[in-house]
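**Student:** Listed in order, the protein sequences are those of chains A and B.
Take 8 as the starting number for the first sequence in my numbering and just add one per residue.
Take 15 as the starting number for the second sequence in my numbering and just add one per residue.
Note that these hints are calculated values from the structure, not bench results.
In this text, a Cβ means the ideal position worked out from N, Cα and C, and glycines have one as well.
Certain hints may be false.
[What the hints assert, rightly or not] Computed beta-carbon distance windows for the label pairs: (1) 101/A to 374/B: 28 to 34 Å; (2) 162/B to 105/A: 29 to 35 Å; (3) 175/B to 67/A: 57 to 63 Å; (4) 104/A to 300/B: 41 to 47 Å; (5) 67/A to 162/B: 44 to 50 Å.
[As the list claims (entries may be wrong)] Capping the alpha-carbon separation at 35 Å, the derived lysine-lysine pairs in DSBU-like fashion look like this: (6) 216/B to 57/A; (7) 121/B to 57/A; (8) 57/A to 80/B; (9) 80/B to 232/B; (10) 121/B to 277/B; (11) 277/B to 216/B; (12) 216/B to 80/B; (13) 277/B to 338/B; (14) 232/B to 277/B.
Listed below, chain by chain, are the residues.
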Amino acid sequence: MSTPAPTGTASSLWGLAILPILLLGAVLAYLVATGGGLRSLQGPPVEQVKIGRVTLPERGLIQVQLVNDGPQAITIPQVMVDDAFWSFTAEPPGPIPRLGSATLTIPYPWVEGEAHRVALLSNLGTVFEAEIPVAALTPRLDSSLFARFGLVGLYVGVVPVVLGMLWFPWMRRLSGRAMNFILALTVGLLVYLAIGTWLDAQEFAAELPAFWQGAPAVALIALIAVGALLAVGGKRREDEAPLGLSYRIAVGIGLHNLGEGLAIGAAFALGEAALGTFLILGFTLHNITEGVGIVAPLVKRSPGLKQFALLALVAGGPAILGTWIGGFAFNPVLATIFLALGLGAILQVVWEVGRLVVRNTGRLGLPVANWSNLGGFTVGVGLMYFTAFLVKF
Amino acid sequence: MSAWLRSLRSRRDVLRTGLGSAAALVGSVALGQSATHPAGHTPATPTPPVKGGAHAGHGNNLMVGKVDHARNGFDPMEVLTDWDTGQVSRLPSGQVLREYTMTALEKDIEIAPGVFFPAWTYNGRVPGPTLRCTEGDRLRITFNNHTSHPHTIHFHGVHPAEMDGVPGAGPGEIPPGGRFVYEFDAEPFGCHLYHCHATSLKRHIHKGMYGAFIVDPKGGRPPAREFVMVQNAFDTNFDGGNEVYAVNTVGFEFARRPIPIKKGELVRIYLVNILEFDLINSFHLHANFFNYYDTGTTLEPTLRIVDTIMQAQGQRGILEFTYKYPGNFMFHPHISEFTELGWMGSFQVVEPVNYAAALREAGVDAGWDRRATGGSTAGGRRA
Ligand SMILES: [Cu+2]
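Bound conformation, chain A alone:
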């Protein structure tokens, strides 16, 4: 039995809505003013600082950016570099409020190519450390470095995707059964990328100040991205599906490659140029399968060279962008968000390509879990897994 809701005037309706808020305000005011009888529960002060970027803007100078993500204001009265107290200036000076940030400038004669350690000593004696793995001037935005970073992105992102696409003519001559194998393979490599992107997103998230709540944020952003992409996908016309699917795979892989670019750019910015370049070789090889995955849904069409070029750009281009951002303006917040979006995009295409595989398998009169599908999936995961040996240490 439901009783009809009492109707009222507009003003009484607003009053009912606002009443809890007013009472909440009163409770908060009481807590702030009196401590709510909980004063004795207050423990010793907690100091927490997240060191963000450590840069070497010029010879003999170190800059440290930090965020106070602890529950109360913090003071950093002393700084040590390589186990030595060192002079410094803080901007802004004085205590750093909760969620506030500061930049410390330290006149320290760092040595090119060597490792250094910076430690911040709080007024209560807590030590916060940051490492400079290989000291090198932090790259400054100039046209030649900009171009070189762009080239790195090109090698890592666009080139392997284009090379992978060159298998397209061969793939068109394959039987329906073989093609289904390739699609299953695509699912495999996308699943690998999804896991990799998740782990990378979590690593960047771990670098964030605590209040960003990085770990759950990654999951939530990815979920919302999946939902949004599925909602958009629901409106599509059936006949343009294959090309659309290729584009969505390209977008997912593109966001993933953006993350790769970020990491490589950041590596250069941290002075690990030689290693970064060694890794570029590995990434190029590792990413070649991505091109196969992107064109796999298109074997029954001939979308034309222009579409292929566009697909390659969508999938590979973000690596260039990522390298620029990572090298010149690394920001773990953006990195985490981009990777979480990439994760969502990849999961959404795993879903779509997976459905394609299921449909094709049905047409062939086979159960979904057959040796061909499983084999394709395994080869896809295996290719990514073993080529990743080149870039993992």
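Using the hints, position chain B with the ligand against chain A.
**Tutor:** Just chain B with the ligand now, kept in the frame of chain A:
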């Protein structure tokens, strides 16, 4: 991706992965970037020192700001000379009786500008009072524990077992609110120390419960300008390693305010090492050599004409030297890590005529000068 980034965070790891210079070179050439320079081949240009920075010429290796000694309740410069010779009277037997009061107090002390350490102290200071007496004196030390932990006073020297200030001997640990009177004869003469011996020992020592204990020989030592230097350090984040190193507690204090001495006068330093966590400390004097009396239990030097001595935990000794030239001369441990972490200072050697001005510059008065030159409790040496 960031996984490999992190795995490369340490240059040692990079080398460990065995990626030879070949790979590195390929990479650098491919990008047109210069290869990493071998260590030390690229001269870094240090920025000029900050104005008003370290007196003693250590560039930017300094602490920013100043310590509020008034708030601390003690000043490392004053600690150099403020001997506590106790309340003196005579026993019926004619023996000199010295009575001291030591109170354990918990106190936050500023050990570096703006950096506070939750110390356990004797009489609210770190190091505790420099107890000074003459060999053969009767010592009566009343110990009050006004803290929330049990403590003791363990004196180095010769005394009965129940006066040893260790758990299980005599009264053992003195509980919070407790009181005990340690009583024994001062022997042998030398530069000793006392410290809390409650468990856990490391914590009771590094929290600040220690001080110098000087027993003068009956005949005294030759007249000299005397200072006590207690080598100590603080583990501010309680991770079993020290962050701030010093003599007399405050890092770089004597770099900010060099200690004034006169050219040509004999200087005697009672040096005590009560460092926790690091096995060895040392003392190195610039532009000079000194005679060293190990533990101070002899009247003849045990080491002659040396410029560096080392002391393990709990070791101490007496240094004697004279400066030939005026100027600013550093002293520090020849353990460069400790030097750069605060245990560094200097002597300001001046012509006798300029001494009053030097005292003013160091922020000390004639009383400090008098205590430095009239320190011995032994008779027959005050000129
Ligand atoms: Cu104790």
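**Student:** Among the hints numbered above, which are violated by the structure, and what are their numbers in rising order?
**Tutor:** 9, 10 and 11
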